[in-house]
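Heads up: the sequence lines are chains Z and B, in that order.
Read in order, the letters of the first sequence are residues 1 to 56 in the working numbering.
Read in order, the letters of the second sequence are residues 57 to 316 in the working numbering.
Calculated directly from the structure, the hints in this document are not laboratory data.
Treat the hints loosely; a few may be bogus.
BS3-like cross-link-like pairs, simulated, lysine-lysine; straight-line CA separation at most 30 Å [to be verified]:
1. Lys32/Z x Lys58/B
2. Lys197/B x Lys31/Z
3. Lys60/B x Lys197/B
4. Lys200/B x Lys31/Z
5. Lys60/B x Lys32/Z
6. Lys60/B x Lys31/Z
7. Lys31/Z x Lys58/B
8. Lys60/B x Lys200/B
9. Lys197/B x Lys32/Z
10. Lys200/B x Lys58/B
Keep in mind that this is a model prediction, so the values were computed, not measured.
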Amino acid sequence: MNGYVEAGYGFVLGGLGAYWAWLASRNSRVKKALIPIPVENERRRPNSSNPRQGER
Amino acid sequence: MKLKIAQRYLAASALVAIAATVVLGLFITPPDAVQGNLARLVYVHPAVAWVAYLAYGVTTLASSLYLWRPTRSLRWDRLASSSAEVGVVFTALTLITGSIWGRPAWGVWWTWDARLTTTAILLVLYLGYLALRAVPMPADKRAKRSAIAALFAFIDVPIVHESVVWWRTLHQGATVASLGMNAKIHGIMAWTMLLGFVAFTLAYCALVVFRYRIAQGEDSLRERQISQWQSERLAQSQSDADRVSELLDNANSKSNVKMV
Chain Z
1 MNGYVEAGYG FVLGGLGAYW AWLASRNSRV KKALIPIPVE NERRRPNSSN PRQGER
Chain B
57 MKLKIAQRYL AASALVAIAA TVVLGLFITP PDAVQGNLAR LVYVHPAVAW VAYLAYGVTT
117 LASSLYLWRP TRSLRWDRLA SSSAEVGVVF TALTLITGSI WGRPAWGVWW TWDARLTTTA
177 ILLVLYLGYL ALRAVPMPAD KRAKRSAIAA LFAFIDVPIV HESVVWWRTL HQGATVASLG
237 MNAKIHGIMA WTMLLGFVAF TLAYCALVVF RYRIAQGEDS LRERQISQWQ SERLAQSQSD
297 ADRVSELLDN ANSKSNVKMV
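Construct the entire structure; sequences and hints are all you get.
Here's what the structure looks like:
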C-alpha cells in the first residue's frame, strides 16, 4: 500500500489501545484505594506500618 | 457486577469486529477506481467520526436528563462525562485520520476548511467541558454546570455535519448515506464500511461502560474520603472539648483550694 493507509489504521488501533490501557491503570488505582483494611488488624497492631482505612 | 460482565462482552465483540474490519479493509476489499488503496481509509475515518457524534449525542441526552428535575441523578452526570471523554478520543482520531487522508488527497496535512475547522472547534469545546469537570467543586454543582456546558457544546455537532453543505469545502459531502440513498459503492466495500460502523460503535459502548465504572469507583472513594475527614474533624473537636473541660475543672479545683 502507500504508508498513509497503514498510518491511519495504526493511529486508530493504537489510539484506542492506549486509551484502554490508560483506563485500566486508572481502574486499578481506584480499586486499590477502595480495598477496605479490617479494623481489627489496626487494633491488634497499633504501631504497624500498615496503612489505616482509606489511606493508600 | 452486571456492568463488568457487559463490558467484557462488549469489548470482546468490539475486538472481533474491529479485527474483521481491518482484515477486510486492508486485504480483501478491492482498491478504489479513483483513489486506489488510499480509499481504504473510508472503512475507519467516517466510522470514527460517527462515534464522536454518537458520544456527544449521548452526553447531551444524559445532561438533559440530569438537568430535568424528575430524572435528576448523578448517574446521568457520570454517563455524560464518560461519553464525553470517549467522544474526545474519537474526535482526535477523526482529525488524525482525516489529516493522514488529506495529505496525499489534497496535498496538505491541514487546511482551514469548514469541516476541519468546525471539527477542531468541537474537540476544543469538549476539552473545555472536561476541564470544567476537573475544577474542584461539590458534585451536584459540578454536574449542573457541566450539563449546561454540554448542551452548549452540542450546538457545534450539526454545524460540523452540515458544514459540507453550507460552505464550499475541500471535504467531500455525504455520499453513501445521502438522502437519495443512491450509493455508488461496491457490495463488499459497502458491507466492510457498515462493519466498521458497527465495530467502532461496539468499541465506544465498551469504553463508556469501563469509564462509567471508574467514575463510580472514584465517586465512592471521594465520599469515603469526605466521611473520613468529617469523622477526623469530629474526633478532633471532641478531644479539644475534653481538654477545655479538663482545664476548666483544674482551674475550678484550684480556686476552691484557695477559698478553703
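List, from low to high, the hint numbers that the structure doesn't satisfy. Of the numbered hints, all hold.
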